[in-house]
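Following the hints, position chain F against chain A.
As they're listed, the protein sequences go chains A and F. With the first letter of the first sequence counted as 1, position 86 gets the number 86 in this note's numbering; the numbers rise by one all the way through. With the first letter of the second sequence counted as 1, position 324 gets the number 324 in this note's numbering; the numbers rise by one all the way through.
Treat the hints loosely; a few may be bogus.
Below 16 Å or equal to it, Euclidean Cα-Cα: the simulated EDC-like pairs (lysine to aspartate or glutamate) are [unchecked claim]:
#: 1; chain 1: F; residue 1: K181; chain 2: F; residue 2: E304
#: 2; chain 1: F; residue 1: K322; chain 2: A; residue 2: E166
#: 3; chain 1: F; residue 1: K305; chain 2: F; residue 2: D180
#: 4; chain 1: A; residue 1: K234; chain 2: F; residue 2: E50
#: 5; chain 1: F; residue 1: K187; chain 2: F; residue 2: D301
#: 6; chain 1: F; residue 1: K190; chain 2: F; residue 2: D301
#: 7; chain 1: F; residue 1: K322; chain 2: F; residue 2: E82
#: 8; chain 1: F; residue 1: K184; chain 2: F; residue 2: E304
#: 9; chain 1: F; residue 1: K132; chain 2: A; residue 2: D32
#: 10; chain 1: A; residue 1: K103; chain 2: A; residue 2: E69
#: 11; chain 1: A; residue 1: K73; chain 2: A; residue 2: D112
#: 12; chain 1: F; residue 1: K139; chain 2: A; residue 2: D32
#: 13; chain 1: A; residue 1: K65; chain 2: F; residue 2: D194
#: 14; chain 1: A; residue 1: K157; chain 2: A; residue 2: E137
#: 15; chain 1: F; residue 1: K297; chain 2: F; residue 2: D194
No wet-lab data here; the hints were simulated from the structure. Since the model is a prediction, treat every value here as computed from it, not as a measurement.
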Amino acid sequence: MRVEYGERWAVIQLSGCSGCPSAVFSSPVLQDLVYSMPVAYFPMVTDSQRVLSADIAVVSGAVCKRAEEELLKRVRESCSKLVALGTCAVYGGVVSREVESAKAVPEVVEVDQVIPGCPPPEKLVGEFLIAEVSGGEFRLPSYNVCKECPRAPLRRKPPIRVRYLEPPEELQAKACFLDHETLCLGPVTRGGCGAVCIELGVPCHGCLGPPAKSYTSQLANFLSILDIQLEKSKLMQFVSRYIRVGVL
Amino acid sequence: MSVRIVRVLTRVESPAEVVFHVRGEEVERVELKPMHCRRVEHALAGLPAEAVPAYVSRICGLCPIAHQIASSHAIEAALGLERPPEAALAVRKLALLAEHIKSHTLHLFLHALPELFSYAYNSPQDVFTLSKAEREYPKRMGALIAFSDRVLAELGGRGVIPMISAAGGVYSRLTAASRDKIEKRLKQAKAAVDWVRDLLYSRRLLDKAMVDKELYDLPERIKLVTSASREELWGEVKVYAAEQELKLIPAVSLLSEDYSREALLTGPAARYLARGGSIHGVMNLLSHIRIRLDEVKACIDAVEKALNEPRLYHGVLRERLKVSDSQEAAALEAPRGTLVHYYRIKRGAIAESRILTPTMINMSTMIMVANRLVELASDLAFPRDYIIGKTMAAIRLFDPCISCLYHTVEQL
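In isolation and in its complexed conformation, chain A is listed as follows (with noise of 0.2 Å):
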């Protein structure tokens, strides 16, 4: 379905910590585009008390309350397209660590387009919304993170041993993670971040989800090409830390 410029916008908050809506604003040239479209209802950032029909509904935030629940569905019967914004909205995100009933929103409704990311990266954000008003389409990319990873390939073959989670002090070198027995879910995951986390020493945790569609799968795979020598609490914590394992 493509909506056309000039059409109606939504922007639901959902039970989150609100960095999606507000990353429309964090860049010039997103806010030269989101300042030209007719906004129905933002309660963020404009005084609409209820959802009124709107032709884009921009969801983000998982659904923990049953006021959520209904709310979201009101959102699908009143919107012709439905967005989910943000891993949180996708995938459940670190609100479905917290709240075990909190649920993704295509587990409650049927969504048309999925952006995930813990930020939703700026690049993404801004391709859909050109996209959107251009008439244009758009996809989030299939390629995984390592395509975008500053660092070297990874050398080692099957089975890779991991011992730890966070990289070892000495490990500043340009070399794959995965080369240094540190657990790095880029391999499984999305790309389109810009490898940020990285880039900054920090291994991939996931936070884009799946380049295909299901993580669980995805992610059964990968582990079972590696040598883990951790305690299973912590791997679970570490592949869990955005997406909770089985959901989707």
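Here is chain F on its own, set in the frame of chain A:
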């Protein structure tokens, strides 16, 4: 019989419900109820201590750095690191200054200034209507955000939830090239502050706003306050710490020296006391705008000065922490006020945590102000809808960070 009128509190960082208890035409009292929920402390249990700063930065997308730094300091203290590397302290301070600029800018332009413009235009205003009517409005807001985001992105890879502070230090240092990129945006950021200042004193805004003189009287010169001379500024934080038997470590302070005990408290609590602790001072809604603008200016000047600090460009970034069983708390000046993080660590993982956010501290004062407004307006026989509108304005101008408020449902 008293009835409840529920309104969604809009133009805040996450919507909340305001409940007005009304008898006839008279509003009797006001309550604030968050609409969402989080259980951050619940999720922290069992997490490796070194993973905490990145996690807690997801409490609030508007003040992630404050959460990162406060948690880093508490964990470092618990695990025996008395003082992080000098480069780390300098980077943290620079990042916190940038976060204050960004947080205050968003508050001013998205939440607070439309309140004043609604008088000038005789109709409710927001950032979208103003961006069409006032061509400079989005441009000036953009200049301030571009400046603060550039600082954050150069230090932490991106402007929104950047990765800057870790337990033991920081991830990255500033480079000469980064400094040049930041300095290029300095002039426009300063010009944006001057533009807002001129706007605040302009006749077209003030003449209209002064209809509500009680609420919009222009404040006299604002004095920034340090907790060194005003022990009582710690107020509820100290009470909380005593209840929890916590020893507080003042962490990085903004305009005073790192790690000194002269922490400058910001946010509504400090603003309240800076104006002599009078309820009138808090209720003067324009004073909140004016003081935040002064803080933005002070932070921009501090960033400019900090860019010349050699510590930012050299030295060790991070110390490896030893695994031990201990507990500690740290306090920090976040954009909305004082932030406290407490952790008990057992075998390198979080056994217990408590996070006291500025909005939780400000909550009681906000409700007090809202109820005082209701009393005042009722005494003057203002219409019910007017009281409701002004009460909502008071809360959003005072502290709009509702995300920080409901980071844990268990404390509400």
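**Study point:** Hint check, failures only
**Key:** 13, 14
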